[in-house]
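K.L.:
The chain contents come next:
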Amino acid sequence: MRRRVFAGGCLLVALAQAGEWRNVSRLPQLYTIDYSPQNHLASPGRLARLRKGPPDVFHAGKDGPFVHNWGPIAGWGGENVYGGGKDRVDYHRRLTPAELDARFAACRRYVRSMHEAGVKKLYHYVGAFTIGGNPAPDVRYGFWEFYDHWDEYTRFGVGPKPPDDPMQWLMCLPNGEPCFIYNRNYESYEPGTRWAVCLNNPYWRQWMKAVFRASAEVGFDGIFVDNSFQRCYCGTCRAEFAAFVKREKRPTTELATYEDGGRAWFDTQEFWMDSIARWLADMRAEARKVNPAFGVFPNNGTHPGYVRFSSAADYVMGEGDFWGFGPKGFGVIRFHKDPGMIRRPLVGGLAYRQYQDMIVSYKYTAAEGGTPRPVWLTHGHQGRSDVAKELRLSEAMAFGAGACTYARASLPPEIYARLRRFLSQQPQLYDGLVPYCRVGLAYFPRQAYHKGMRHVDAVWELAAALGREHIPYRVVTEGDCRDGDLSDLHTIFVPFVNHVARDVIGGLAEFANASGHSLVFCGAVPELDEAYHPVDHETVFGQAIAAKRMRVLEGVPPRDSLEVLCLGGGPAGPSIVASVDAGGDALRVEMRASRDGRRVVVHLLNYGIPLESHSERPEELRGVHLRIPIGREPNPGARLYTSREETPTSLYGEPGLSGELEITVPSVRIYSIVEVSR
Amino acid sequence: MNLRSAVLIVLGVSVAGWVVRGETVLRHDCFAVAKAVPGSTLLFQISSSRKAKYVYMDAPRAIVLGVDSGALLEQAFELGATADLSVSVKQAGIHGLCLELGQNTATLAVPRHPWALVARKQAPLHICGRVDPLYFRPPVAGKSFRIFVHAPVAGEAALVRITDPEGEVVVFRENDFDKAVGLEFAVAEGTAGRDWRLEILAPEKGGWALDDVTIWLGQRLQPLLAVQAAHLSAFAGVGARAPEKIRTRVPIGEGIIRLGRGDRKTVAFELDGRPDDPAIALRMLATDVDYRNESPVFVNGHRFFLPVTGDGLTGEVTLRLPPDVLREGHNLLEFRQDPSGGSGACSVARIELLFGTAIHAE
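For the record, the sequence lines run as chains H and F. When you number the first sequence by the numbering used here, it's gap-free, plus one each residue, and the end is 689. When you number the second sequence by the numbering used here, it's gap-free, plus one each residue, and the end is 1095.
Extracted from the complex, chain H is given alone in its bound form:
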């Protein structure tokens, strides 16, 4: 663990040398998903609408030269399951090579017109493992029809016809039967079936490399790879697994099942995630032979696998958090909920307000750093009002991940235009800032591979409690503990972890053994390390235990004890940075600062946005009193921004008794930002 040097009298911000810090914020990007099958026509009306507020990233449907699951076909648009809707008659029709030439030309025109409309990056859809069709000798429908005519397409770069029939490419269960990740039968696939192929199969890789290369040739900026999953026990995978465990010096020898559990199951899931990452990297490398900036954008929804994607992907999507495969085949998935408030009236004026957010997901991605930008989708069933959409966009902007602010094409382009203008005028509120806090929340998503979902639940619980108490925190990753810098923190909460790697335990111990720090284990201290060997707490944490810098709580601490726990052993100063006259439970605060600590940016979000209701009015958030610990400064300047106002307004700040600046923001409608400069 590397030490950082505290900047002057500042309590919280430490200097970081360039490149050392994982948690440096990035300017958010604007993103639109639109699977309309008419996209490729790039109609004048559609383009005119786009020009009003073009997104940085436009994510289209199956609009590339080849369609991953069917081959060269006539149909356009949609995702895996889409098969042309009512007009499906012609959708799966195999194109002749001459018709395919025309499709390539149409793709070029489409890409050009989208770029001219202001779209910076145009991605289209593929699925990572799906093929559709019927292999029966008397049917040979879909992908099998293409396979039978493979040689007709060699001039499009598909390579020599694979000797193995695609039935030999399928993912396998341990007993050798084909593995289906999703349903096998869909009306849109008839008279075929939806098959799942193995990402490690060399012929699937050959075909998909052709798909990627062709997309780069016609000008696409990247490909969105849906369903980036792998769960296979085929011969290729068994051989690849042997190479993987040797490469990574792991003890497991055979692919395991959920029922096996233990270290072998952990390694198996890690291998599958590694297979996906290598597949993505290979596909991107192939496309980059044509366009060196070509990107990949997997949809895996995974926190546990995110680290492996950091070098292989440019964007990562999550529709819900995928926590590995469960006993019934498909995985443990929890779908994201729209940010905002569910209000349940009880009796009289009494009501229960449930606030939902995805802050941990954004903070985790920011903490991991790396190239990818996240797109954390919600299903959008709850928050369809414009104010709910605006909160969703604001949340993506505020928490440092450089996230793609997600919206379907239905979002009025004026809102996009306004956000785009705001981001271009005020990039300093988002770009290059580090967390300004002294509380860490250990979040090790790979605990799920050890069946440790209690850890995940507890992280979300603690994050919610810290958020409601207005205690700024940052997510501490395994990487932070291994080789990052924790010296800016006073307290780290470590909820319900077990099977933690030795170097991660070492990082936590080094933190706790240093004076001024406090390590709070919720649940228990890890009993076993990642190799399932016992951890000797007395030896590892001896110094911290002796100095009473380590606490072990039975569970997640109650909300009213957080303030004291967060004080740790560090210098005095407030743990809680905001109090609110009205509606305080709805406020969430994110604090970041420039690396020299001269500039502090406080993001204020009102989650009192009614969901599941016809009301568009946010619940009032009035009188937000901030205490920003910036040290004693004679004349700090403070400005208040909202994305709705062209220019910021000045705020009056008063120095507090213990070196913090006290500022009152009169109200927060949805999203306001306070910037303090010294």
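Quick caveat, the hints were computed from the structure, so don't treat them as lab data. Small disclaimer: the values here were computed from a predicted structure and weren't measured. Even for Gly, the Cβ is constructed at its ideal location relative to N, Cα and C. A portion of the hints provided could be inaccurate.
Label pairs and their computed distance ranges (CB to CB) [unchecked claim]:
id, chain 1, residue 1, chain 2, residue 2, range
1, F, 1037, H, 575, 42 to 52 Å
2, H, 104, F, 998, 31 to 41 Å
3, H, 429, F, 1002, 35 to 45 Å
4, F, 801, H, 196, 50 to 60 Å
5, H, 92, F, 1037, 31 to 41 Å
6, H, 436, F, 1062, 45 to 55 Å
7, F, 998, H, 175, 53 to 63 Å
8, F, 1047, H, 176, 45 to 55 Å
9, H, 59, F, 980, 42 to 52 Å
10, H, 150, F, 1094, 52 to 62 Å
11, F, 819, H, 92, 50 to 60 Å
12, H, 92, F, 1090, 51 to 61 Å
13, F, 770, H, 636, 24 to 34 Å
Over 12 Å on every C-beta distance to chain F, these chain H residues come out as not near it, computed from the model [unchecked claim]:
id, residue
14, 110
15, 127
16, 246
17, 558
18, 660
List of simulated lysine to any residue pairs, SDA-like, C-alpha gap at most 20 Å [claimed, not checked]:
id, chain 1, residue 1, chain 2, residue 2
19, H, 348, F, 1023
20, H, 131, H, 304
21, F, 854, H, 355
Based on the hints, put chain F in the right spot on chain H.
P.N.:
Chain F only, in chain H's frame:
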């Protein structure tokens, strides 16, 4: 009442006056309210348990709400444990409890304070396999009320019995309740404001079992179900709405208006003059709406939205109208169904304009 709860009541009354360990097994999100005075200690005793053999990973959690709806205490607790949540009461009035149990179950007791379970559409009561007789008090006689019962899991069902204070059984219905059913009953003179009993019993039909059942009281009932009828006195009048004062009702259109995705249908009507009533509203029977823009209603071009329920039920909807929306002579009412992919179908019937001084609207 079975022997165990009878014993517990005897023990409870003898020891603390109010103690009853409820037999009602709660699941998912459930809510309760209790009335307390300053200086007292409000105690919620929660005994959690796993459902069947499988241990769901949801961590049970409880939140105590103050009279201003702010959270006074939040606590997660271990499955299988009994958790005591106590708060020192600073402000007199009704406090709330939210139980977030996930897939696990719990029973609840509130010693020393009058309490009741909440059962309203937005905060329904989820019971699981076992439930005490529960009491409620209809506010007025001469009207009919509804209690909704829903047991969506196949093979799960219930026998519902509602008994009036005179001991007369007014509802006795066994059903699979796969879709929510509103059980309607009339309140006879002399029985309003008194203790009515709701029992959810095991069905008698073979192959059906009592397990997950969701219950909520119709809009015109106070949304509380008490294990002890006497406790309802503490909540008398709370949340009660003054009766509507409607001067006149103007029916609009006839029959049922059915809308598919992207459909628009209009109904024209004439008004003799521009109304000057303080309260004007449009009331209709409508199918549920899943999101705000699914089925907007336009009155002379002014857009209104049906309340989002997403519950698959048809119910009465009342939209308050500003006075300047209507005009003398020709007026136009238009129903639209969202053309986007998320939209379903909608049906509207029994449309009427209401004019008066007090009209209840969502």
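K.L.:
Could you run down the list of hints and mark each one as holding or not?
P.N.:
Hint by hint, here is what the structure shows:
| no. | hint | result |
| --- | --- | --- |
| 1 | 1037(F) <-> 575(H): 42 to 52 Å | holds, 50 Å |
| 2 | 104(H) <-> 998(F): 31 to 41 Å | holds, 39 Å |
| 3 | 429(H) <-> 1002(F): 35 to 45 Å | holds, 40 Å |
| 4 | 801(F) <-> 196(H): 50 to 60 Å | holds, 54 Å |
| 5 | 92(H) <-> 1037(F): 31 to 41 Å | holds, 36 Å |
| 6 | 436(H) <-> 1062(F): 45 to 55 Å | holds, 51 Å |
| 7 | 998(F) <-> 175(H): 53 to 63 Å | holds, 58 Å |
| 8 | 1047(F) <-> 176(H): 45 to 55 Å | holds, 54 Å |
| 9 | 59(H) <-> 980(F): 42 to 52 Å | holds, 51 Å |
| 10 | 150(H) <-> 1094(F): 52 to 62 Å | holds, 59 Å |
| 11 | 819(F) <-> 92(H): 50 to 60 Å | holds, 53 Å |
| 12 | 92(H) <-> 1090(F): 51 to 61 Å | holds, 55 Å |
| 13 | 770(F) <-> 636(H): 24 to 34 Å | holds, 32 Å |
| 14 | 110 | holds, 29 Å |
| 15 | 127 | holds, 28 Å |
| 16 | 246 | holds, 35 Å |
| 17 | 558 | holds, 29 Å |
| 18 | 660 | holds, 30 Å |
| 19 | 348(H) <-> 1023(F) | holds, 16 Å |
| 20 | 131(H) <-> 304(H) | holds, 12 Å |
| 21 | 854(F) <-> 355(H) | holds, 9 Å |
Checked against the numbered hints above, the structure breaks none of them.
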